[in-house]
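Chains as they are written, first to last, in numbering that gives the first Met the number 0: chain U, 0 to 336; chain X, 0 to 336.
Worth flagging that the hints you see were computed from the coordinates, not collected in a lab. Heads up, the beta-carbon is just placed ideally off N, CA and C, and yes, glycines get one too. Please note that a few of the clues may not be correct.
[Said to hold, decoys possible] Chain X is faced by these chain U residues, among others (derived, beta-carbon under 7 Å):
#: 1; residue: H166
#: 2; residue: V168
#: 3; residue: M175
#: 4; residue: R176
#: 5; residue: D180
#: 6; residue: L183
#: 7; residue: A185
#: 8; residue: A266
#: 9; residue: P270
#: 10; residue: P305
[As the list claims (entries may be wrong)] Interface residues of chain X toward chain U, partial, derived using beta-carbon atoms under 8 Å:
#: 11; residue: F94
#: 12; residue: G138
#: 13; residue: H174
#: 14; residue: R182
#: 15; residue: L183
#: 16; residue: C186
#: 17; residue: L264
#: 18; residue: G332
#: 19; residue: E333
2 protein chains.
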Amino acid sequence: MRDALIPPVPDAGAATLPALGIDIGGTKVAGGIVAPDGTILDTARRATPGRSVEATEDAIVAVVQELAGRSGEQLVGVGVGAAGWFDRTGDTVLFSPHLAWRNHSLRKDLEGRLQRPLWVGNDADAAAWAEYRYGAARGSDLALVITLGTGIGGGIVLGGRLQRGAHGVAGEWGHMRVVPDGRLCACGNRGCWEQYASGNALGQTAREVARSSPAAAALLLDRVDGEADRLTGEHVATAAAAGDPLAVELLCEVGAWLGQGIADLAAVLDPEVVVIGGGVSVLGEMVLAPARERLERALPGRGFRPGPRVVVAQLGAQAGLVGAADLVRSAVGEGSA
Amino acid sequence: MRDALIPPVPDAGAATLPALGIDIGGTKVAGGIVAPDGTILDTARRATPGRSVEATEDAIVAVVQELAGRSGEQLVGVGVGAAGWFDRTGDTVLFSPHLAWRNHSLRKDLEGRLQRPLWVGNDADAAAWAEYRYGAARGSDLALVITLGTGIGGGIVLGGRLQRGAHGVAGEWGHMRVVPDGRLCACGNRGCWEQYASGNALGQTAREVARSSPAAAALLLDRVDGEADRLTGEHVATAAAAGDPLAVELLCEVGAWLGQGIADLAAVLDPEVVVIGGGVSVLGEMVLAPARERLERALPGRGFRPGPRVVVAQLGAQAGLVGAADLVRSAVGEGSA
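So here's chain U without its partners, still in its complex pose (with noise of 0.2 Å):
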């Protein structure tokens, strides 16, 4: 933890010992001790008491003391990443779009209620990190993860280092504008890339085509006896895995969305990899293959240029928690937690 006065101290061991990793989502409070190779060791979860700040936080500092509690270990200390957008020193949750934090000091709250070295950060690049250290984008020196779950969330590892933008919220690329006028977004504008490569874009095409084209949607609708409102990406995914072609198509549609995005960041990046995570990612090449298929056509200067691999993350729902306990033992090894 910090003090005004007395500056942290690198800890050359901290490289050595377990970290506590949160990872805080929408409706649940997820935790685990991690091994410095990225082994799991300990789980534990919690509710997400979501329209309230302080039962969210008593839901973290739960989980903790339960972890901490069944460790026979000394843990490093605790990295905490959850679903909003940080200022640039991390101590402050500036906005959550499913949780009740706004401009909350979140970091101080939990240094004083656990007493141990925290990171807190945003969900997405914990779960970026986690895939730079651990998986997909290992060893590469400039790494997109893309995480698609509900919406989309990211994070940029450049140079060995989780790049978050001058104010902390790089990588908030779900909010780029890709057609003018477009789906309406929960961030207030129109056309985010969220609202068309998503699990969320998935269900709403999904019930624009079963009310326009209740004939054609009929096996999308038999799942839900008839009524269209209900249709979700999840569904979607389902019906697609059965073999039913309208629901293939639109993981088509959605791959091409996330492969049209993909080519508008390697316009911005040049990256070398893009890995594409969160709860979407599941459905594996029913997704990605059209993604590069777009990619491959729409990449600017295809032919002259190479472009990004593409590829699927490989630390599944855990990448979250597993990122959060590794930047909390790089922190305190820095002397920066």
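The hints should help you fit chain X onto chain U, whose structure is shown.
Chain X only, in chain U's frame:
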């Protein structure tokens, strides 16, 4: 110059010597001798014979010889910025929209002919570096420099380094797709940002309006004897300066597209400052004011996060050669030229 067997030696004295900078555009090769403080001590130029690789290299060599011949001082080396996409090493021009280079080993050719330490790279990267070292991006930890000319070029300076991406072509954000099925771009895609926010975009919009609504465009058409097809961005700029309301409106539209693209880049990279350079930037607030207005409305997370400052470049048309000169000086200082 480099040799496969003898590694280049860092030269601590390089920081105190003037360097020769070259900027190769579609129509001219401009050169200058640049002091370490960014002052231009002498200049020379030649026309660019765009269709011939050899003739372009002849023009570069002629400018170097003219300037070196007139200079009494020792020169640290030659920096060459060119309107093309370079590979990561700077050895090869992958592609150039306005010049004849296709996978051409420009660096090797110039090493053989000039026998001096070299930096070779993208002209917008060189201009971005100049703004970082001497201009509007000085002191910034994360600056994007957007060069608005015929098209859109760009450079990224992060942590005091030019960031060129995994394959050397970062900052080509002019080819982000901002309109699905939009205007055809020279790159072969449709809807690229530079088709909506550049000198060319200004001309194209003016021609479209003049054809469809000649009465509204009467003042613009007066400038081209009523021939809408002859209208260019420069006609619009001159007309706007003279108070033509339609021309002012067209500049606002280009400015709004500029601001929208900056909002998209802010979602991806979260820069501290965005510097607008290139020929269009001389229009100043006529374009920048509507750009800032759009950015303020379109910035994802606005109200909860700071956005980038948007400022006009300070080094004007000389930015490319000033930056190229400083980049060869840095390379020699580090032993990498």
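Item to check | Unsatisfied constraints (hint numbers, rising) | outcome: 5, 6, 7, 12, 14, 15, 18 and 19
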